[in-house]
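Participant: Each chain is listed here by its residues.
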Amino acid sequence: MDFSPIVLLYLALGCYALGTMAAFASLFTHEKRAQTAGLVIMSAGFIFHTFWIGTICARTGHPPLTNLPETLTFMSWTIFAVILALYIRYRVYAASFFVYPLVLLLLLTAAVVGEPFAQLDPSLRSTLFTSHIFLTTLGVAGLFIGLAFTMLAWMQDRSLKSKTRGRLWEWIPSLNVCKVVSYRALAIGFSIYTIGLLAGVLWSYRTTAVPVEARVKQIGAVVAWILFAALLQTYISGTYRTKRTIFISAGAFVAIIISILGIARV
Amino acid sequence: MPLILVGLNHRTAPVDIRERLSVSDQQLPEVISALRQIPGVEGASVLSTCNRVEAVVSARTEDVIEAIVDWLSRRGAAERASLEQHLYILRYADVVKHLFRVAAGLDSMIVGEPQIGGQVRSAFQIAMELGSLDPLLQQVFEQTMRVAKKVRTDTSIGEHAVSVPYAAVELAKKIFGDLKGLHVLLLGAGEMGELTAEHLHKQDVRQVFVANRSHERAVELAQRFSGQAMQYDKIEQHLAACDIVIASTAAPHYVIEVEHIERALHARRRRNLFLIDLAVPRNIDPAITKLDGAYLYNIDDLQNVADANLEVRQEKAVEAEEIVAREVEAFWKRLISQDAVPTIVELQRRLEEIRASEVEKTLRKMGPISAAQREAIETLTTQMINKILHYPILQLKDVSDEPQERESLRQTIRKIFGLR
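For the record, the sequence lines run as chains A and B. Residues in the first sequence are numbered consecutively from 268, following this note's numbering. Residues in the second sequence are numbered consecutively from -6, following this note's numbering.
Treat the hints with care, since some could be wrong.
Capping the alpha-carbon separation at 25 Å, the derived lysine-lysine pairs in DSS-like fashion look like this [claimed, not checked]: (1) B:K90 x B:K390; (2) A:K430 x B:K166; (3) B:K142 x B:K326; (4) A:K510 x B:K166; (5) B:K90 x B:K142; (6) B:K326 x B:K358; (7) B:K390 x A:K428; (8) B:K390 x B:K408; (9) B:K380 x B:K390; (10) B:K380 x B:K408; (11) A:K299 x A:K430; (12) B:K142 x B:K195; (13) B:K143 x B:K354; (14) B:K195 x A:K299; (15) B:K166 x B:K283; (16) B:K354 x B:K390; (17) B:K143 x B:K173; (18) B:K90 x B:K326; (19) B:K283 x A:K510; (20) B:K166 x A:K299; (21) A:K484 x A:K430; (22) A:K428 x B:K354; (23) B:K390 x A:K299; (24) B:K142 x B:K166; (25) A:K430 x B:K283; (26) B:K326 x B:K283; (27) B:K380 x A:K428; (28) B:K90 x B:K143; (29) A:K484 x A:K428.
Some chain A residues well away from chain B (every beta-carbon gap over 10 Å; in silico) [unchecked claim]: (30) G328; (31) P368; (32) K428; (33) P440; (34) I459; (35) S504; (36) T506.
Which residues of chain B face chain A? A few of them, derived with a C-beta cut under 8 Å, are [stated by the list, open to error]: (37) Y85; (38) K166; (39) G170; (40) K173.
These aren't lab readings, by the way, just hints derived from the structure by calculation. We put the beta carbon where it would ideally sit given N, CA and C, even for glycine.
Using the sequences and the accompanying hints, generate a full structural model.
Facilitator: What follows is the structure, encoded as structure tokens:
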């Protein structure tokens, strides 16, 4: 019997769906076991996901970054890898309520849009182009993690201010940890994202003599960059305000999503 | 072998009875040795805390109970009849269940309190060092500590602070995570403030600053926390450097105003600041709550946190009781089957001896036979013995019977089959 590699994608999706459900179940039952089960299932999905990315690389001979599904596949993989590392370091359970659905949604979109194993146009085979896609994808993954932890910090702040325990009280790490992880993820993600964008500008200039085209993808990316810069500035300058941070984060998230969805076949 | 527990606790006996029977660590060897001298006692241990005094023994028969109660009444200089009304006497699986519940904190005055686990461990360890634990009590002790750990890990029953000072520490951890390296400012010398500062000091905070109207008192307190005393009128200058501020002065007005904290937060670049106001009338302006990065809790807020935590502990206790029930059942089954093992082994050996000797006699009478024929005879007789033993062994392993019935069955089987 022939083994179709697409099965790996479906297995990863199935595990991510089950893992997300288990995490949400723990939110209502307050059972740590459900949360742990969710993490184990998600990790199993991550293994299938890794093999799926390996398959894409083996079939196309290039990193999985040439079209929307490939980019989403890689981005969701990176996000889960980072969250797994954060779990090991900080035992952060609450991030799963944001990150698991995000990982599932990104990979699901990749599966629905399809188009795997795209052969790269020879004219696009440049180190600059690959760097651009790789770095912006990595940067966005970091920024998403930063946003998730900004959200957790906001929720923890609300609970502490209102003196009531929210549903996530026990799952969220200390306010300090949320802010530190959020700041670090934003700072690292932003730096990588900036270098990625610069690589894109350079590549565009070399191939078309135009640094930036005014298309949805590019506009979304620039707006997101500005908002992330503003967000980072509030941390660095000590002008952090909870409400302001949440508004900027929401705007940055929307801009990133628009930018991602603007990626058509390259 | 009977497992027996005789004791009293905060629910069954008033403090004047408990204190008369309480046993200090220094007295334990003497008390345990006295228990061991009671005829029929095989192993003994004593658990004595401010809320309970319990003697746990394994004995040849239940007759030792009378002697233990007598000994307790003599020790407590109490009339036997008046002491008996405060005592509880537990046997067999009830002892196991009780010990599991006690070590897990389910029988404590404040459910889930963590100290009792250590007290149970220490009591058994002392008994072990004195050589007063027989194999049965040793197994019970080891399993008790395993179950207590499981309950605490699976339910997190002890993780929620139920006193005001601990609630303050818990909240500080929720804000800062690790408290190492933080600076604490204690304003005033109120009792609750001191206690909270002490708990924070135990968490290895970097420095405790103390300010009080009486500088001498501030110096005295600072020495206690290996901290630093400061002039009362200079507290504002230090606010920005402190992460946690505890206010517990007798001042009839706010000592810390919104402007003070606004300036401090600005200087701190909005790093979080935790303010604990334990004074009545309050020392910290409640409008500070509206400032980003400042978290203010007064005495009522902290009491509410402690009360809510107590409710959480009660909920977790239900889950913990289920774990204990499952563990008691499994452990008791294991103990019973272990208890039956010597009789079963002896029974099998006895019947095997009879079978082997009878087969040998028969074969001698029959004369030469082939190896296949000999093997057939061996198999036939072995199978017969196994069939005969099947039901007696099942009965010996049966855990549903009462302990006395099981003992009587064991004795009957031993008598019928002529076991020693």
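Participant: Now look at each hint and say whether the structure bears it out.
Facilitator: How the hints compare with the structure:
Pair hint B:K90 plus B:K390 holds up; C-alpha atoms about 21 Å apart against a cutoff of 25 Å. For the hint pairing A:K430 with B:K166, the CA-to-CA distance comes to about 15 Å; that is within 25 Å, so the pair holds. Between B:K142 and B:K326 the alpha-carbon distance is near 21 Å, which keeps this suggested pair within the 25 Å criterion. As the CA atoms of A:K510 and B:K166 are separated by approximately 23 Å, the hinted pair is consistent with the 25 Å bound.
At most 25 Å may separate the alpha-carbon atoms for a hinted pair to count; B:K90 and B:K142 meet this at roughly 15 Å. With a C-alpha separation of about 47 Å, the suggested pair B:K326 and B:K358 falls outside the 25 Å cut-off, and the hint is violated. Taking the CA atoms of B:K390 and A:K428, the gap is near 60 Å; set against the 25 Å cutoff, the hint is violated. The hinted pair formed by B:K390 and B:K408 meets the criterion: a straight-line CA distance of about 18 Å does not exceed 25 Å.
For the hint pairing B:K380 with B:K390, the CA-to-CA distance comes to about 16 Å; that is within 25 Å, so the pair holds. Our distance criterion of 25 Å between C-alpha atoms is met by B:K380 and B:K408, whose separation comes to about 20 Å. As the CA atoms of A:K299 and A:K430 are separated by approximately 24 Å, the hinted pair is consistent with the 25 Å bound. For the hint linking B:K142 to B:K195, the alpha-carbon distance of about 23 Å falls within 25 Å, and the restraint holds.
Between B:K143 and B:K354 the CA atoms are separated by roughly 58 Å; this puts the pair beyond 25 Å, and the hint is violated. A distance of roughly 29 Å separates the Cα atoms of B:K195 and A:K299; the hinted pair therefore is violated under the 25 Å criterion. A threshold of 25 Å between alpha carbons decides the hint, and for B:K166 with B:K283 the separation of about 21 Å falls inside it, so the pair holds. Taking the CA atoms of B:K354 and B:K390, the gap is near 34 Å; set against the 25 Å cutoff, the hint is violated.
Between B:K143 and B:K173 the alpha-carbon distance is near 29 Å, which puts this suggested pair outside the 25 Å criterion. At most 25 Å may separate the alpha-carbon atoms for a hinted pair to count; B:K90 and B:K326 meet this at roughly 13 Å. Our distance criterion of 25 Å between C-alpha atoms is met by B:K283 and A:K510, whose separation comes to about 12 Å. The hinted pair formed by B:K166 and A:K299 meets the criterion: a straight-line CA distance of about 20 Å does not exceed 25 Å.
A C-alpha spacing of about 43 Å is found between A:K484 and A:K430, which places the hinted pair above 25 Å, so the restraint is violated. Proximity of A:K428 to B:K354 is assessed by CA-CA distance (about 92 Å); at most 25 Å being required, the pair is judged violated. At roughly 37 Å between alpha-carbon atoms, B:K390 and A:K299 are farther apart than 25 Å, so this suggested pair is violated. Only pairs whose Cα atoms come within 25 Å are accepted, and B:K142 paired with B:K166 is accepted, the gap being roughly 23 Å.
Using a Cα cut-off of 25 Å, the hinted pair A:K430 and B:K283 holds, with the two alpha carbons roughly 13 Å apart. Restraint check for B:K326 and B:K283: not satisfied, since their Cα atoms lie roughly 60 Å apart, outside the 25 Å limit. For the given pair, B:K380 sits about 74 Å from A:K428 by alpha-carbon distance, which is inconsistent with the 25 Å threshold. Between B:K90 and B:K143 the CA atoms are separated by roughly 14 Å; this keeps the pair inside 25 Å, and the hint holds.
Pair hint A:K484 plus A:K428 does not hold up; C-alpha atoms about 39 Å apart against a cutoff of 25 Å. Listed as outside the interface, A:G328 is consistent with that label: its C-beta sits roughly 46 Å from the nearest C-beta of chain B, beyond the 10 Å cut-off. A:P368, annotated as away from the interface, keeps every beta carbon of chain B farther than 10 Å; the closest lies near 25 Å. Some Cβ of chain B comes within 10 Å of the Cβ of A:K428; the nearest lies about 7 Å off, and the non-interface call is violated.
With a closest Cβ-Cβ approach of about 7 Å to chain B, A:P440 is found to fall inside the 10 Å limit, against its non-interface label. At roughly 25 Å, the least C-beta separation between A:I459 and chain B is larger than 10 Å, which holds for a residue marked as non-interface. With a minimum CB-CB distance of about 8 Å to chain B, A:S504 fails to clear the 10 Å threshold, and the non-interface call is violated. At roughly 7 Å from the closest C-beta of chain B, the C-beta of A:T506 falls inside 10 Å, breaking its exclusion from the interface.
A least Cβ separation of about 32 Å between B:Y85 and chain A goes past the 8 Å threshold, and the interface hint is therefore violated. Given the 8 Å rule on beta carbons, the hint for B:K166 holds: about 6 Å separates it from the nearest Cβ of chain A. Here the hint on B:G170 is kept, as its CB sits about 4 Å from the closest CB of chain A, short of 8 Å. Nearest Cβ of chain A to the Cβ of B:K173: about 12 Å, over the 8 Å cut. The hint is violated.
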